[in-house]
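Asks: Note that the numbering used here has the sequence shown beginning at 1, numbered continuously upward.
Since the hints were made in silico from the structure, they are not lab data.
It should be emphasised that the depicted structure is a prediction, and the values quoted were computed from it without experimental measurement.
Every residue gets a Cβ at the ideal spot worked out from N, C-alpha and C, and that includes glycine.
Treat the hints with care, as some may be off.
[What the hints assert, rightly or not] Just the calculated beta-carbon pair ranges, DEER-fashion:
| # | residue 1 | residue 2 | range |
| --- | --- | --- | --- |
| 1 | Ala145 | Ser190 | 38 to 48 Å |
| 2 | Ser191 | Asp114 | 37 to 47 Å |
| 3 | His136 | Asp225 | 16 to 26 Å |
| 4 | Pro119 | Glu174 | 52 to 62 Å |
| 5 | Ala47 | Arg242 | 19 to 29 Å |
| 6 | Pro57 | Ala241 | 45 to 55 Å |
| 7 | Gly56 | Ala121 | 19 to 29 Å |
| 8 | Ala145 | Arg54 | 46 to 56 Å |
| 9 | Arg249 | Arg109 | 39 to 49 Å |
| 10 | Ser190 | Thr258 | 50 to 60 Å |
| 11 | Pro92 | Ser190 | 24 to 34 Å |
| 12 | Ala121 | Ala47 | 50 to 60 Å |
| 13 | Pro153 | Arg205 | 11 to 21 Å |
| 14 | Arg249 | Ala141 | 31 to 41 Å |
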Amino acid sequence: MSVIQPPAGPIPDGNPFATGRHGQVSDLLARYLDAVARRPDMLRAHAVATAMMRLGPGVRVLDAGCGTGAATAELVAAVLPDGSVVGVDVSPDFLAVARRRLDPTLPLRFQEGDVTALPFADGEFDVVRAERVLQHLDDPASAVAEMTRVLVPGGRLCVLDSEWASLAVDVGEEHVALVDRVIGHFLGESSHARTGRALRRTLRRGGLTDVDVQVVPFTFTSLADVAGIFPQFDETIPAEARLVPVADRDAWFAALHTADAAGELWVCALSYVACGSTPA
């Protein structure tokens, strides 16, 4: 079954985020998100989440913060014939992409809305899913409370999020200090680098029970691969963006290219999947 057709072909060269301001989605960014959704490690994370959500025929699912809807579409087959899936996102541009690629014959619709103020009644869904949403929020607890509100008693909330503080890079022992400086700069610029490790606590404090957490590693062994996901590895992004300390930029990319050419580059980051139930 094909619910949403991703665009064919490779991601164009360059940083996918460089072409749009906040709230605007270019075809390049949509293609980037589709490519991330197709990664084997992301597919593993989705499979873990699907198993934890306990989907089945007749289940009503909300994908909160659905983006361009590529992952939302994966949920439909698991709830047929009588279930339904709704994707909600704050960005009308994301939703326009999702709707353009939607199969209108299936029980899937997209709606604009904020995860901290969902446009749904109490107890409207059996399962709520949120992928890479809490890491962007200053108050993730408010989003968890709102997603819990729209769940039935005994409903399931499943959250997938990144743990940017887990980022590990190996380009050789001689570059350990360099790597530590670059990663330290990255973490210093990110206010939500440790969202993943806090998911169990966040869900439990939100009143959810039976909270389980699984960890999925994302690994990269080529510079081209990792540069498509982490802008700190993308040499085409101007130095003015300050994603890498200016004083370390030349040495950083030289070390990356050397390790990549030798087949020795190793990058790993962790993704967390947490699921819990509302009180019955």
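Asks: Each hint should be assessed against the structure and marked as holding or not.
Replies: Right, here's what the structure says about each hint:
no.: 1; hint: Ala145 to Ser190: 38 to 48 Å; in the structure: violated, 24 Å
no.: 2; hint: Ser191 to Asp114: 37 to 47 Å; in the structure: violated, 19 Å
no.: 3; hint: His136 to Asp225: 16 to 26 Å; in the structure: holds, 24 Å
no.: 4; hint: Pro119 to Glu174: 52 to 62 Å; in the structure: holds, 55 Å
no.: 5; hint: Ala47 to Arg242: 19 to 29 Å; in the structure: violated, 37 Å
no.: 6; hint: Pro57 to Ala241: 45 to 55 Å; in the structure: holds, 48 Å
no.: 7; hint: Gly56 to Ala121: 19 to 29 Å; in the structure: holds, 22 Å
no.: 8; hint: Ala145 to Arg54: 46 to 56 Å; in the structure: violated, 22 Å
no.: 9; hint: Arg249 to Arg109: 39 to 49 Å; in the structure: holds, 46 Å
no.: 10; hint: Ser190 to Thr258: 50 to 60 Å; in the structure: violated, 27 Å
no.: 11; hint: Pro92 to Ser190: 24 to 34 Å; in the structure: holds, 26 Å
no.: 12; hint: Ala121 to Ala47: 50 to 60 Å; in the structure: violated, 31 Å
no.: 13; hint: Pro153 to Arg205: 11 to 21 Å; in the structure: holds, 19 Å
no.: 14; hint: Arg249 to Ala141: 31 to 41 Å; in the structure: holds, 37 Å
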